[in-house]
Amino acid sequence: MKLYQVRKGQFVYYNNELHKVYGVKPMYKLSVHLIKLRDLTQHITNAASVEKYKPKEQDSFIFNHKAYTLNKDRKAEEGDFVLIHNPIPDSLDTYSLNEIDVVETVDKHGVITSNSHGIKHNEYLLMIPGRASDSHPIDYQNSDSGNTENLEDLPPTVHNNQPLPTLGDIYKKNDSNEIVEAMVVAVKGHTVYLGGGLEVPQEELMNSEKWEFLYNLLDK
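The numbering of the sequence shown is our numbering, which starts it at 324 and goes up by one.
Just so you know, the hints here were simulated from the structure itself, not pulled from any lab data.
None of these values were measured; they are calculated from a predicted model.
There may be inaccurate statements among the hints.
Claimed, not checked - Keeping only pairs whose Cα atoms sit at most 27 Å apart, straight-line, the calculated DSS-like set for lysine-lysine is:
1) 511 - 496
2) 395 - 359
3) 533 - 496
4) 379 - 395
5) 398 - 352
6) 375 - 348
7) 443 - 395
8) 395 - 431
9) 375 - 352
10) 511 - 379
11) 431 - 398
12) 511 - 375
13) 389 - 352
14) 348 - 377
15) 359 - 325
16) 398 - 331
17) 389 - 377
18) 496 - 395
Stated by the list, open to error - Ranges between beta-carbon positions, derived for each pair:
19) 428 - 540: 16 to 22 Å
20) 396 - 524: 35 to 41 Å
21) 347 - 402: 30 to 36 Å
All C-beta atoms in this analysis are idealised placements derived from N, C-alpha and C, irrespective of residue type, glycine included.
Generate the whole structure from the sequences, applying the supplied hints.
Now the structure itself:
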């Protein structure tokens with residue numbers, strides 16, 4: 324691809340694996356900044372090394388260690404993930420192409436997400452957990468050279484002997500005189516979004532002097 328064709332939010336293949344563009348820095352030789360969808364690790368490359376892919380209904384892929392299948396026929400419900408594949412933001416909206424967000428409320432017009440985005444129903448594809456039997460896996464550009472064993476849910480990556488923060492994790496703040504417990508509601512890159520509108524870097528949340536992992540709500 325040419326650099327002028329690369330846009331923030333695009334799904335692209337890099338080193339045969341599915342990534343999303345989170346930034347383009349034209350002044351640098353390695354100008355394309357990517358997030359690998361399967362584990363949210365960050366990578367930097369150039370436009371010549373990526374190839375664009377437009378996600379569509381029935382595509383399936385791993386996002387943050389969990390497999391999902393895209394669906395347009397079912398409306399989202401509270402707690403669902405959505406992929407904003409057709410953004411039509413109003414002048415005051417801040418969401419953009421292919422943002423992945425968690426639904427907090429739903430009405431007949433659309434959804435409100437954990438990032439306070441108001442999205443109409445025709446702007447998103449629902450991310451249904453699991454890989455549907457008739458889905459089209461898009462984790463690898465060339466599936467013959469990809470590891471088919473990695474097409475199912477992956478265990479959380481371990482960092483400093485601790486699992487990376489994931490949805491439903493409950494953390495307690497240790498460096499505060501007040502008792503503060505919050506749940507992970509979204510993870511984007513190295514930023515973790517907690518209930519109550521808190522945003523913390525991943526590294527801070529994994530610092531045991533500042534935060535303590537208690538349990539995952541989904542395990543209860």
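Query - Hinted pair residue 375 and residue 348, Cα distance within 27 Å - result: With Cα atoms ~17 Å apart, residue 375 and residue 348 stay inside 27 Å; holds.
Query - Distance restraint between residue 379 and residue 395, which requires alpha-carbon spacing of 27 Å or less - result: holds (9 Å)
Report task. Evaluate the given range 16 to 22 Å for the C-beta pair formed by residue 428 and residue 540. Result -> holds (19 Å)
Query raised in the report: Holds or violated: are the alpha carbons of residue 375 and residue 352 at most 27 Å from each other?
Result: Within the cut-off at roughly 19 Å; holds.
Query raised in the report: residue 389 and residue 377: Cα distance at most 27 Å?
Result: Since the Cα atoms of residue 389 and residue 377 sit roughly 20 Å apart, the hinted pair holds (cutoff 27 Å).
Query raised in the report: Between residue 395 and residue 431, does the CA-CA distance stay at or below 27 Å?
Result: Status holds; Cα separation ~15 Å.
Query raised in the report: residue 398 and residue 352: Cα distance at most 27 Å?
Result: violated (42 Å)
Query - Restraint check for residue 395 with residue 359, where alpha carbons must lie at most 27 Å apart - result: Satisfied, since the Cα-Cα distance of roughly 24 Å is no more than 27 Å.
Query raised in the report: Given the proposed pairing of residue 443 with residue 395, does the C-alpha separation stay at or below 27 Å?
Result: holds (12 Å)
Report task. For the pair supplied as a hint, residue 359 and residue 325, confirm whether the alpha-carbon distance does not exceed 27 Å. Result -> Given that 27 Å is the threshold and the Cα spacing comes to 20 Å, the pair holds.
Query raised in the report: For the pair supplied as a hint, residue 389 and residue 352, is the alpha-carbon distance within the 27 Å limit?
Result: violated (33 Å)
Report task. With a cut-off of 27 Å on the C-alpha distance, tell me whether residue 511 and residue 496 pass. Result -> holds (21 Å)
Going down the numbered hints, you'll see the structure goes against 5, 13, 18, while the others check out.
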